[in-house]
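Asks: Model the placement of chain B on the given structure of chain A, informed by the hints.
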Amino acid sequence: MRVLVVEDEKKTASFIRKALQAENFAVDVTHNGDDALALASTTPFDGIVLDIMLPGRDGLGVLKQLRARKNTTPVLLLSARGEVNERVEGLNAGADDYLPKPFALAELVARVRALTRRSGESKSTVLRVADLTLDTISHRAQRGGKEIELTAREYRLLEFLMRSAGRLCGRMMILEKVWDYHFDPGTNLVDVYVRRLREKIDADFEPKLLHTVRGSGYVMKETP
Amino acid sequence: MTIRTRLSLWYATIMFISLLVMGVLTYEQFAPEPDRPAKKQAADKEDFQEALANILWCGIPAALLALAGGWFLMRRALTPVAALTAAAGQVNESNLRRQLPRSGNGDELDRLTEVFNAMTARLDGSFQRVREFTLHASHELKTPLTIMHGELETELRDEKLAAAQREQRVSQLDEVQRLSKIVDGLTLLTKADAGQVQLVAEPVRLDEVVRETFADAQILAEPRGVKVELTACEELTVRGDRHRLRQLLLNLADNAIKYNAPRGDVKLALRHAGDAAEFTIANTGAGIPPELLPKVFDRFFRGDASHNAEVDGCGLGLSIAQWIVSAHGGSIRIASAPAISTIVTVRLPLEAAGKTP
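For the protein sequence lines, the chains are A and B, in the order given.
Going by my numbering, the first residue of the first sequence is number 1, and it counts up by one from there.
Going by my numbering, the first residue of the second sequence is number 1001, and it counts up by one from there.
For reference, chain A alone in the conformation it holds in the complex (with noise of 0.2 Å):
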């Protein structure tokens, strides 16, 4: 997988390669829009992280071109003035996704994989992690064999940790994905529900299978 990082704040952009080039993508990085461009209609890539503000040509307006010339390549926008409609016009403009800075970098990472694989989603209708099933149709969940109370809100959240067995979960992806906010309602309500999943799923069995990743999020997985 290759991702093109486009960033002109050299330090952010040296973390962001580093935390990708950590999870195994090749990493282009350029400063500015005209390079990004250049090196976009010139090179394949899985997945493009976008920053708005960028000296001359601005995140927007490289996207705009990339769709014009029929460049489909999965854009990730970034930006430091975070303002909903901002979310909206980039969505608009083509992207594939949008995340408000300061990130974590969790959180990126989380998005880029999305982004890149997007069409490989699991599509099968029974989740499994170790014992742990889940049934997206019958909404049911069972661990060793023992049926497992959900209310709706904590299936979405069962089914979205599910889904991404093994990877990070940001705290902002899941307030996206479970709770469908694109803004941070400023509580903790997602610890709380992790809180209180875990005490479902995990408390009488072993392995323990969701995990805390302190100042970062979550994962599912059978091994910590």
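All clues stand as given, with none of them false.
Heads up, incomplete: computed chain B residues facing chain A, CB under 7 Å, no partners named:
no.	residue
1	LYS1142
2	THR1143
3	LEU1145
4	THR1146
5	GLY1150
6	GLU1151
7	GLU1153
8	THR1154
9	GLN1198
10	LEU1220
11	LEU1250
None of these hints come from the bench; they were simulated from the model.
We treat Cβ as the ideally placed atom computed from N, Cα and C, and that holds for glycine.
Replies: Same frame as chain A, now just chain B:
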């Protein structure tokens, strides 16, 4: 005493004195002279009395007429001052751009209005600059915060990091996240002040939002042993931004839970009240002393110091709540009986009333 009364009194006094002067002069002119022949003296006396009668019968009505006219003139002249006073009384930071209407006739009051308008325009400029400054400051803060967040996370990914150092990095990361929340809140409010946040205006079933908030509130309350009840939930539709309304209710519910006594109660209710939907949320916390009540919607108001230590948050929640309510054309009130209960009441105009936010 108003200027009008004072001027009218002065005017009346001057009229009265003039009348007196006329009387005295007439007396001087026509008073009978003792050294004239008796026959002439009788004629003089007649003239004198006639003149006095003339002064009385014509002078007094004339004086009264002048008084009424003066009253009327002053009223006319001073009405623009009353209008100016009323308009100036309504000026606040959100309507500084509104200019007072000028008569355009170039008189003193027109001049005053002009100067007044110029003053509010200068004030508007100052407010504008403060807002732009805050906005720029929050944008500028986001880049270093992104870098700090990213670098701390990168460090935390290193499995060789010693436990003590890891603890320290996690704590730093918490603070960076708190700063980010403050910056986000500040950006939102500053943009809202400048009218740069556009809200969606679509029909929203408020009862659905309330039920959703109720479900989340129950979960949030559980670790604190707080009991949450939904006492009423009428089917009501308002016009507005669904996401912002969810944010509003969740924020209020979160506060009601956080600032509650352990094992306390939180009661939510949504009722129809006239042409508005009325949402109330009551809790049984320590409450807010009456002298602090007017300040709870102020930015960065955090109550007493004990709250700061045990409850996290950025101190902008209620300011944001107030903005959301007013952007929907509604009102928010808070009433508190310390140590008994605190009730927040939100009223939002109903969709059926045909009002738009």
